[in-house]
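Residue numbering for the sequence shown follows this note's numbering, beginning at 1 and increasing consecutively.
Because the hints were derived from the structure by calculation, they are not lab data.
Treat the hints with care, since some could be wrong.
Straight-line alpha carbon distances no greater than 35 Å define the calculated DSBU-like cross-link-like pairs of lysine-lysine that follow [unchecked claim]:
hint, residue 1, residue 2
1, K346, K27
2, K27, K105
3, K163, K15
4, K35, K17
Keep in mind it's a predicted model, so treat the numbers as computed, not measured.
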Amino acid sequence: MNLGLFVSPGDSLTKQKQSGQLDRLNKYYLSVYAKHFDRIYLFSYGDNGRSFALSENVRLIPKPKLIPKLLYQLILPFIHRKIISDINVFRVFQAPGGLPALVSKIFFRKPYVVSDNYDYVRFAKVENRPFLATLLKLILPPILKYADQVITPQTIPNGVDPKIFKPDRKLHQPYLILSIGRLTLQKNFEKLIQPIGASRYKSKIKLVIIGVGPRQKLLEKSAADLKIQLKIIPNIDHRRLVSWYQKAAVFSLTSQIEGQPKVLLEAMSSACACLTADFPGNLIKEGVTGMIGKNDSQLTAKLDQLLSDPGLSLRLGANARQLVISRFDLNKLVLKEIQLLQLCAKA
1 MNLGLFVSPG
11 DSLTKQKQSG
21 QLDRLNKYYL
31 SVYAKHFDRI
41 YLFSYGDNGR
51 SFALSENVRL
61 IPKPKLIPKL
71 LYQLILPFIH
81 RKIISDINVF
91 RVFQAPGGLP
101 ALVSKIFFRK
111 PYVVSDNYDY
121 VRFAKVENRP
131 FLATLLKLIL
141 PPILKYADQV
151 ITPQTIPNGV
161 DPKIFKPDRK
171 LHQPYLILSI
181 GRLTLQKNFE
191 KLIQPIGASR
201 YKSKIKLVII
211 GVGPRQKLLE
221 KSAADLKIQL
231 KIIPNIDHRR
241 LVSWYQKAAV
251 FSLTSQIEGQ
261 PKVLLEAMSS
271 ACACLTADFP
281 GNLIKEGVTG
291 MIGKNDSQLT
301 AKLDQLLSDP
311 GLSLRLGANA
321 RQLVISRFDL
331 NKLVLKEIQL
341 LQLCAKA
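Model the full structure from these sequences, guided by the hints.
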């Protein structure tokens, strides 16, 4: 039985490596798929001339350089018709990347399983990308309608490896605030900087943000204006994130909207005291697995509460980790996904 993989439009193993996520993709998905399928074909939107340490039965299919991305999504099944005919089932990692799977189903009757994790149209609007929002409104309904199975956060959620992301109190730094993500409008790091500026612990707090993006200089200026100690670290390998979670007194996520954020799951698995904004896609249960601030003043008050009450932080972190172990263990979730793929291939 052979598996085809479609990534998000524009994504590639090169980009996964740059963002620090390639190890996660390879270790928890590609290498596990390789044990349950005879051959795996990964269709990429880059990677020409690049090689990666993949399992022997995983073949990387890069996009030809001169073909525009949108056109390639439509003609991919015809360009690679021989490969498509060899595939029994497709896995689409995110619904916006499902056009090649939809075309393959219409013309070659190939089944596919797609993830529908969040409001992609709203994401595009938040990022001020009106053309993308309009395009997604057109393509997402048929992609989801004709899928053989749709994976949602309720059926197979995002996951994390709790054996890797685990607490280590020896590394704990009592006033380190950590946040992780692309420095974009959607991630809304300004909403974290302002409450820290009003905290009674401002002079002691060290804010660390791990990520890259177009808003870095604006964030640095905002922090400087408020006399906040801010350190922005470029993307690091997924494995090296563990020690940062272990150091953090508080992990904070103040996005405008999320799907089911992996970084929040990683923080919860590491038993961080988590403080978030009140955004769609939040995993935190107020006062049980973390705290939620609905506005700047609430974020400041709850941040100060966590920093002043180590016992509360420990309790929330322990509850969060227990939730991850029971519901979000990535090793178990990937096996559940593979069973679903195999059922679709046999149907």
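* Hint consistency between K346 and K27 [alpha-carbon to alpha-carbon, up to 35 Å] -> 26 Å, holds
Q) Is K27 close enough to K105, meaning Cα to Cα at most 35 Å? A) 29 Å, holds
> Does the alpha-carbon distance linking K163 and K15 stay inside the 35 Å limit?
Replying inline: Holds, at about 26 Å.
Just to be careful, I want the Cα atoms of K35 and K17 compared with a cutoff of 35 Å; is the pair within it? 23 Å, holds
The structure agrees with every numbered hint stated previously.
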